[in-house]
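Engineer: So the protein lines, in turn, are chains C and F.
Residues 271 to 765 in the numbering used here are what the first sequence spells out, letter by letter.
Residues 16 to 496 in the numbering used here are what the second sequence spells out, letter by letter.
Please note that a few of the clues may not be correct.
[Said to hold, decoys possible] A partial selection of chain C residues facing chain F, derived with a Cβ cut-off under 7 Å: (1) P379; (2) Y380; (3) G479; (4) S485; (5) D514; (6) S515; (7) R537; (8) A599; (9) V604; (10) R633; (11) I637; (12) Y640; (13) S643; (14) Y646; (15) D648; (16) L695.
[Stated by the list, open to error] Distance condition first, Cα-Cα at most 20 Å in a straight line; then the derived DMTMM-like pairs of lysine to aspartate or glutamate: (17) K404/F <-> E458/F; (18) K671/C <-> D573/C; (19) K316/F <-> D127/F; (20) K652/C <-> D283/F; (21) K90/F <-> E688/C; (22) K652/C <-> E345/F; (23) K90/F <-> D573/C; (24) K417/C <-> E688/C; (25) K404/F <-> D353/F; (26) K229/F <-> E167/F; (27) K144/F <-> D123/F; (28) K316/F <-> E345/F.
Note that these hints are calculated values from the structure, not bench results.
We put the CB at the ideal spot given by N, CA and C, even for glycine.
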Amino acid sequence: MGKPYTVKQMLVSMASGDTQPSDWTQHSLGIIENTDDKIGAFLQVNGEQALQRAHQLDDQAAHWRASLSTTGATTQGLFGIPYALKDNMCTKGMGTTAASQILANYIPPYSATVAEKLTQANGVMLGKTNLDEFAMGSSTEHSAFQKTHNPYNLNRVPGGSSGGSAAAVAAGMVPFALGSDTGGSIRQPAAFCGVVGLKPTYGRVSRFGLIAFASSLDQIGPLTQTVEDAALVLQYISGPDPLDSTSAPTVTEDFTRLLTGEVKGLRIGIVRDISAVGMDPQVMTAVDKAVAVLAGAGAQVVDVALPHSAYAVASYYLVAPAEASSNLARYDGVRYGRRVEGETLLDMYERTRSEGFGMEVKRRIMIGTYALSSGYYDAYYKRAQQMRTLIRQDFDEAFQKCDVIAMPTTPSPAFAFEEKSANPLQLYLDDIFTVPANLAGLPGINVPCGMSNEGLPMGLQLLGKAFDESTLLQVAHGYEQLRGFTMPSPHGLEG
Amino acid sequence: MEFETVIGLEVHVELNTNTKIFCSCKTSFGDPPNTHVCPVCTGQPGSLPVLNERAVDMAVKAALALHCQINQDCKFDRKNYFYPDLPKGYQISQFDQPIGEHGYLEIDVHGDRKRIGITRLHLEEDAGKSQHAADGSHTLVDYNRTGVPLIEIVSEPDIRTPEEARLYLEGIREMMHYCDVSDCRMEEGSLRCDANISLRPVGQQEFGLKTELKNINSFRFVQKGLEYEEQRQREILAVGGEVVQETRRFDDVSQTTLTMRSKEEAHDYRYFPEPDLVGLHIDDAWLARVRATLPELPMEKRDRYIRQYQLPAYDAGVLTSDLAIGEYFEAVVAAGADAKSASNWVMGDLLGYLNGRSEGIAATPVAAVELAELIAFIAADRVSIKQGKDVFKVMCETGKDAKTVIREAGMEQISDMSTLLPLVDAVLASNPKSVQDFLGGKEKALGALVGQLMKATQGQANPGVVNQLLRDRLNALKAVE
Ligand SMILES: [Zn+2]
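Model the full assembly from the supplied sequences, consistent with the hints where possible.
Structural biologist: Here it is, written out as structure tokens:
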């Protein structure tokens, strides 16, 4: 198969009149039709509805092109661009499951703010992608419904929890998909699937309608082929939302404005005191090489320290489960979703939640409930929050000396199915590079930085200052232009 | 052994905002079930709360009225527990940073003023209502009430008698009315009360083992329930027993308290800061804005009535028990009426009339100036007090003013000498027997003559004037003899 089209390419093509929205929707639906039985990225595809919407947009295409020529813009909105949503974002009238049995038949009465915004930007939603149940996991193996396979090697996981979105973009089914990132759930699958994945600053994108995993950490962001596409999509999903009190009062800015390819004079921080057990030397080499590429283009490399990052995973696995244990209390069989009848109210609760939730979700609810319990709160939850403050301060200090920080996204490339399911703790420890950004609320991005010996993508992670996505995207884009190779097409689907 | 009773109350007050605390659904009471609900207040996946600042205004106002210190930086927390009427599986409340702390409420106990400390006042959301089928087959839940803003007011254990508990609760209601933050209808659940009660030997510092009394649904039952519980505990302690620490409920049928749950079943609510809301900062300008809306508070007003109008404490208490009654009373006085007369009329005839119809002062058919006018007629002896009461009834029923009613009934009192003298002479002339009796020393005969004269004027003659005229005439006759 050929190189997948980007959002930008589609827009340029439609702007010139060569193609129209329904062409791209059909194109995407065709790829899904041909490949998703092998990949399993989608939980639900709404082809008919999408085509209907695309045809409506066809009728507006001439008007849209005219508006472009008067403003001189090449891309106004996400006009006619097909996309997918991770199935933990509510879509009115369309099933939203969070890949959980407990919500198997749930149809939301409202849409998430991001879904509304993308509709307003004239995107065409094709369907909902697979994830680890309630976004808890890093392999998408914890979906209650299906496995998603890594397009680069079908025997490997796509990462998670936004594995469906990452795989769908990697396989060219959609030029972009939204994911959510609580501890790396956008960046890690992006690294595994060889695509760009951006976790914006906490508060940049509204969480309204995102089925909560850990409210103080969750953030929605795009998975795309290119950094420029990530900037474009961010443009249309970000901004303050009166329905989300934690959305930040930011002003509109053009996230593509610094995408010049220029990195000269920018300071890249590298962290020597952060390390992972089982770190694959190939990944470290690839990241070092990426930093060298940036340095070669005039970026300045400086050492920074994140002394408390050693405690990041431990803190994360207290804060996130604690919030999750409370966020998931609403799935009680009373108002919506699955109910298993019981003899008494307590019996009904127990049966509903025992049968409705999967193993990993139960594990985290148990950890979180314990961490918040009377007598343990101070020792666990409170200390974890204090550690969070220290980690945030580490970053504040580090960013005095640099503009972005570079490090691997994951310790190793995509692993095989079931390879890590026997030891959840080891899998948790693999989050070492991604969780600090969530704990500190900072933006982070994965950019593919090479292929491993086994032919699997590896990822460079860049972290930026709070609400400075523009500089982060500038460096990511600069690297993408300078890296001197193009990502090979997903070969898992060949032959 | 002598025992002392120690009581603390936890009062929940529903704030009368138009919309709920975290969504824009209406707060109206009594509508068909689940007609004021949305994704937020039914806890749909992905929904988020947004704080209604009007609820903060009202909570701050109530806290200021109760002399609380305001925590200008506070936050919300989640109180986690499972119940079908709690859609999210947690209640958004305030745990360690309540909006108000360290306040007090003053009550009048048999003429003595007593200060009851208020530990804290915090803002939270209400839960829905469960309706259990009589046969236990099912439960229905109504989420209309879910998310209605509540304040919880926790008193210090300063209350010493069940009567004080009732007075305190009435004081809270009065204060909430004054601040116009709640209608405090216990029967509709917009005011709810739980009580902690324990006994200890007089002189002992530590508290005894307490029981918590729930399900108190009227002001009367607060006192009754606590009296029952006080007696029950006293009997246990008198024989050397130990009170079981537990939650009991007041059963209004048997008028007793019954065990609800023991302490072992107590919840661990796993409080933690609500991550879906940002910290609440009430800046100085906000606080000042709310403070400016505070009315004169009941106790201050009570003292002022006693001082300014020389009213008895009882009158001052009744007139200030409701903001609108006080306003009405002061309007009557402002229209020229004597304060004590105005007080008598308002407390007696007016409130009597309104109470008979279960109406409040707002429904008065007699405007304050109209009542003042009636009082002026009486003060000028143009109608008697007794007549005045009849006039007032007609005013209430017809909405006419005093002057009109008096004229139409031809009931104005005759005090004019030139009208009355010929009538007096006529009565004397036609009742020689009574005249003779009086002159013979029978004082009582005067009454008969007065009666004749009143009859001749259909009761309109001013009895005082008539009396004096008759006496003058008879004394003149006596002198002639
Ligand atoms: Zn609502």
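Engineer: Once the shortest beta carbon distance from Y640/C to chain F is found, is it less than 7 Å?
Structural biologist: Violated, about 10 Å.
Engineer: Regarding the pair K144/F and D123/F, is the alpha-carbon distance no greater than 20 Å?
Structural biologist: Given that 20 Å is the threshold and the Cα spacing comes to 36 Å, the pair is violated.
Engineer: Within 20 Å, alpha carbon to alpha carbon, are K417/C and E688/C?
Structural biologist: holds (11 Å)
Engineer: Against chain F, run the beta carbon of L695/C and see if the smallest gap drops under 7 Å.
Structural biologist: With a closest approach of 24 Å, the L695/C hint is violated.
Engineer: Tell me if the straight-line CA distance from K652/C to D283/F falls inside 20 Å.
Structural biologist: holds (17 Å)
Engineer: Taken at face value, is the distance from the CA of E688/C to the CA of K90/F at most 20 Å?
Structural biologist: Status violated; Cα separation ~43 Å.
Engineer: So, as I understand it, the hint says S515/C touches chain F; can you test that by seeing if any CB pair is closer than 7 Å?
Structural biologist: Nearest chain F Cβ about 5 Å off; hint holds.
Engineer: Is K404/F within 20 Å of E458/F, Cα to Cα?
Structural biologist: Since the Cα atoms of K404/F and E458/F sit roughly 30 Å apart, the hinted pair is violated (cutoff 20 Å).
Engineer: Are Y380/C and chain F close enough, Cβ to Cβ, to be under 7 Å, as the hint says?
Structural biologist: holds (5 Å)
Engineer: Starting from K652/C, check that the Cα of E345/F is at most 20 Å away, please.
Structural biologist: violated (56 Å)
Engineer: Holds or violated: is there a CB of chain F closer than 7 Å to the CB of S643/C?
Structural biologist: At about 6 Å, which falls below the 7 Å cut-off, the nearest Cβ of chain F leaves the hint on S643/C intact, so it holds.
Engineer: Holds or violated: is the Cβ of Y646/C closer than 7 Å to a Cβ in chain F?
Structural biologist: Hint on Y646/C: violated, closest Cβ of chain F at ~10 Å, above 7 Å.
Figure legend: structure checked against the earlier numbered hints; hints not met, in rising order: 7, 10, 11, 12, 14, 15, 16, 17, 21, 22, 23, 27.
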